[in-house]
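Visitor: Relying on the hints, combine the two individually framed chains into one complex.
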Amino acid sequence: MTLGLINANPVVHAKKERVARAEDSHADDAVDRLDVFDSVRDIRDPEHPYSLEQLSVLSEESITVDEKLGRIQITFTPTVQYCSMATVIGLCLRVKLMQCFPPHFKVDINVTPGSHADEESVNKQLNDKERVAAALENPNLRQLVDECLYSSELYSL
Amino acid sequence: MDFLGGSLELRERQRLEGHTDRVWSLAWNPAAGVRGIPAMLASCSGDKTVRIWQEGPSGSWDCLAVLEDTHTRTVRSCAWSPSGKLLATTSFDATTAVWEHVGGDFECVATLEGHENEVKSVSWNTSGSLLATCGRDKTVWIWEMQPGNEFECVSVLQGHTQDVKMVQWHPVLDVLVSVGYDNSVKIWAEDGDGDDWHCVQTLNEASSGHTSTVWAVSFSSNGDRMVTCSDDLTLKIWDASSSPSETSDNSCGSWRLLCTMSGYHDRAIFSVNWSREGVIASGAADDAIRLFVESKDNSVDVPSYKLLLRKDKAHDMDVNSVQWNPKEPKVLASASDDGTIKIWELLEVPL
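Chains A and B are the protein sequences, given in the same order.
Our numbering numbers the first residue of the first sequence as 1 and each following residue consecutively.
Our numbering numbers the first residue of the second sequence as 1001 and each following residue consecutively.
None of these hints come from the bench; they were simulated from the model.
Since we're looking at a predicted model, the values are computed, not measured.
Possibly wrong hints are sitting among the right ones.
[What the hints assert, rightly or not] DEER-style ranges, computed between Cβ atoms:
1) Thr1260/B / Met98/A: 42 to 50 Å
2) Glu1150/B / Cys100/A: 26 to 34 Å
3) His104/A / Asp1191/B: 45 to 53 Å
4) Asp1316/B / Asp108/A: 13 to 21 Å
5) Glu1150/B / Asn9/A: 58 to 66 Å
[Unchecked claim] Away from chain A, derived, C-beta distances all over 12 Å, residues of chain B:
6) Arg1035
7) Gly1046
8) Asp1093
9) Glu1107
10) Leu1308
Glycine residues also receive a C-beta, built at the ideal position from the N, C-alpha and C atoms.
Okay, chain B solo, but in the shape it has when bound (with noise of 0.2 Å):
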C-alpha cells in the first residue's frame, strides 16, 4: 500500500450500539458489500446473542437481526462460510450453532456439540466444505459440511496442552493454525490419502515464539505470511518460507519468524487481522488500535514492519477484535468490551 505523503487518519464512521455486555467478535459477511448487495456484518456478545447489522442505502447502518435463544452463554465467535449464506456461532455453552440467512431471517439449522466445555473460535475452509472449532478442552475439531446442513466431525486434533484461543484457515490449502494459552501456534495438515490429520508444525517458545498467551493469528491475502498476537505484548510475524524440497508435500510446515513487533503494545493484543493490501490492525487491551505496514525503504534485505498509526482510545475499553472489510480495504470494524462496534476508514488527509 503506498502513501503518497499526506498524513493518515482512522476516521470513525459508526458507533453500533445494542449488545447488553462485552462484544467478543466480530466477522464481515464475504458476499455482502459487492454487486449491490448492502454490507453486512455479525457480531456476537456476552450478553448471549449474535447481531446482524446492514448498511443502509445511506451509508448507516442498522441492526437487521437478533440471533437469540439459542446460545445459554456468551457467545465468544463467530463466522460466515464463504459464499455468505450460513453463519457459525461458538458459545460459552460448549456448542457451535450454524444459522442460515433466508431472506431478511436467520435460523438454526444445526448444533455442533462434542467439545467438553467453552468452545472459542470457529473458521471456514476456503471451500466451505470444512469448519473447524476450538476450545479450552485443548482440541481442535474439524467438521465436515453435508448434504442438508449436517455435519460430521471428522478429526479431533490433540496436541495443545492448554486452552486453545483460536483457530484459522489458510486461505489457499486446507491448511489449519491454531493458537493458544500454551503460548504455542500450531500447524495442521491431512496425510497424504486424506482424512488424516496431524500437527506438521509447532511455533513455540523454542523456536522463538511467543512467551505468553496467544490471542488471535491472521494470514496475509495470499497466504505466504501470517501474523500472530500474544499477552506476551509483542505480534510476531511469520513466513511460510518454501523452499524446493517443501513445496512437494503442500503442508506449509516450515514456518520461521519473519520478524518480531515488540515495545508498540503496553498491554495484551487481543486481535490481529491482515488487509488484503497488507496493512496489520491490532486490537488491544489499553483501548487502542494499531495499524502496521511492511517498510519498503530499508537497505537491508531482511523485510521488516513498521507501525503506521496509533488509534488511542479507540473504544472506552478493551479492543477485542479488529476485522477489515474484504471488499472495502480501508474500511475496518472493531468490538470492545464497552459493548458497542465502530467502523473505521483509513484515509490519507493532504497535509
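Looking at chain A on its own, in the form it has when it is part of the complex (with noise of 0.2 Å):
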C-alpha cells in the first residue's frame, strides 16, 4: 500500500460541453459511443475527486461500438505511467457496462497503447473475467469500485 498518492498532482481538463439530443436523431435502443461515453464519463477517479473525463482518462473518441455484433470496445489512459490505480478503473468500467448495457454486450477494456508500464498485465487481467468476478468479490475492492461509481452522480448535473 503506498503512503503518497499514485499522482499528487494530475492534470484537470474542461469537461466537454454535453449535448442533448433530440429524441428523432437517435433509435432509442441502438446504443452508440456517445450513450457508452455518457454512462462513464464521470466515473470518479479512485484518488482525486475528478472524473475520468476530467482527467483525460476517457474520451469519446476512445469509445468503439459495434451495435450489430453486440461488442464496446473501450481504451483509457492512466494518468501516469505507473498508475497502480488502472486496473480499478478497469474494474469501474466494467461494472458500469454491465449495469448500464443489455448482458449481450462483449466488452473489451484495454489501456491507451503505451499509456502504461505493465499494459499487457493490465490488459490481460482486466479481460479474464474470472480474475473479474473475483475481484469484485473482494469486499475492499468492491467498496473502491462503489464509491468511484456512486460519487459520480453528485458530478453529473
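Guide: Next comes the structure, spelled out in C-alpha cells:
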C-alpha cells in the first residue's frame, strides 16, 4: 500500500459540453459511443475528486461500439505510466457497463497502447472474466469501485 | 464417429433454470444414466450454490437439490468421484467441499483447506483414490482419500508462474495435467518410488503451445490425445507419442502438438470436452458451441481435425462449460453466464 497518492498533481481538464440529443435523431434502443461515454464519463477517479473525463482518462473517441455484433471497446489512459489504480479504473468501467447495457454486449477494456508500464499485464487482468469476478467479490475492492461509481452522481448535474 | 450423409443438428432438449447468477461448470454423475438409475448432473454458480439435477421418467429434468450455506463465495467447479457417491466442489472462498450423496440428500462430509485464494478446478483420478485442485495461488494440490472421508494433502506442486485454471487426471494413468494464466500446460507424474510428484513436461509458447491463457483441457477416451483451449482463440490437439524409450517410464512426458484449430473462434474459448465417440465440443465467449472431429478423408498421413458443426447463440451469453454425457455420447450439457444449463442432442437429420 503506497503512502502517498500515485499521482499527486493530476492535470484536470474542462468537461466537454453535454449535447442534448433530439429524440428522433437517435433510435431509442440502439447503443452508440456517446451513450457509452455518457455512462462512464463521470466515474470518479479512485484517488482524486475528479471524473475520468476531467482527468482525460477517457474520451468519446476512445470508445467503439458495434451495435450489430454487440461489442463495446474502450481504451483508457491512466494519468501516469506506473499507475497502480489502472486495474481499479478498468473494474469500474466493467461494472458501470454491466449495469447500463444489455447483458449480450461483449466488452473489451484496454489501456491506451503505450500509456502504461505494465500494459500487457493490466490488459490481461481486465479481460479475464474469472479474475474480474473474483476481484469484485473482494469487499474492499468492491467498496472502492462503488465509491467511484456512486459519487459520479454528484458530478452529473 | 461416422455420419451417413444427412445433415447434423445440435438440438436443444431442455433448458434448466434456477441459478440466480452465472453457471460456471457442470458435471455428469458417472454412475447415473444407466441400469435404471436416472441421469444426474451437478452445476455450480456465482450464486454460491451447487444444484443437482435429475432426469425424470418422461425425459424432463428437475432440480433434485440445492447445496447452499457452505461456500461463501462463487462455486467455480465440481467433479463427481468415479463411483458417483461423492461430489467435490471448489470455490473462490479458497475451500474445496466434498459432499456425499445419501438417498436424495447431499451432506458435506469434508472441507479441504490450504489454497491461499480462489480454487478454480478439481479432478478425481480414475480409481477415485486421489483428488487434485488448483487455483490463483499458482499451485496444484494432490489429496489422497483416507477411510472415513478424510483427505490428506500428499503434495503441493509449484511450477506455474501464474493462476492455474484447470486440472484434469489422465483417464488411465495417474498422470495429471494442469493449464493456466501463464499460457502453459504442465504434465505431472509421480517418481518411481511414489509420493514425490514432479513436472515431467511443460508445453508453452516455445513448444508451439498457446500464446494466451489456457482455460481447459480434455483427454480422448483412451488418453492417447488431449485437447486444450485458450484465450488465444485456438484449440490445440496433442498426442502422447509413445515410442519404445518412453513407454518404459510410463510417465507420459512426451506430448507433442498434433494440430492447431485456428480461425474457428473469434473470442476466448472457455471449455473443451472430448466425447467417447471422438467428438470435441467447445464452449466460447461468443455464446456458441462448436463441434470438431478427426478428418478421415485426407491423403496425408498426418491426422487432422475439422469443424463438424457450429451452434450460434447456443446461449444468450458466454458458454462457460460443455460436457458430454459419458453414458449417452451424443448428449451434451452446456452452462452459461446467462444462468442456465442446456441439454442438447447431436442428431443426424436425413436430407
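Visitor: Now tell me, hint by hint, if it's right for this structure.
Guide: Cross-check of the supplied hints:
no., hint, result
1, Thr1260/B / Met98/A: 42 to 50 Å, "violated, 33 Å"
2, Glu1150/B / Cys100/A: 26 to 34 Å, "violated, 49 Å"
3, His104/A / Asp1191/B: 45 to 53 Å, "holds, 50 Å"
4, Asp1316/B / Asp108/A: 13 to 21 Å, "holds, 19 Å"
5, Glu1150/B / Asn9/A: 58 to 66 Å, "holds, 59 Å"
6, Arg1035, "holds, 37 Å"
7, Gly1046, "violated, 7 Å"
8, Asp1093, "violated, 9 Å"
9, Glu1107, "holds, 26 Å"
10, Leu1308, "holds, 24 Å"
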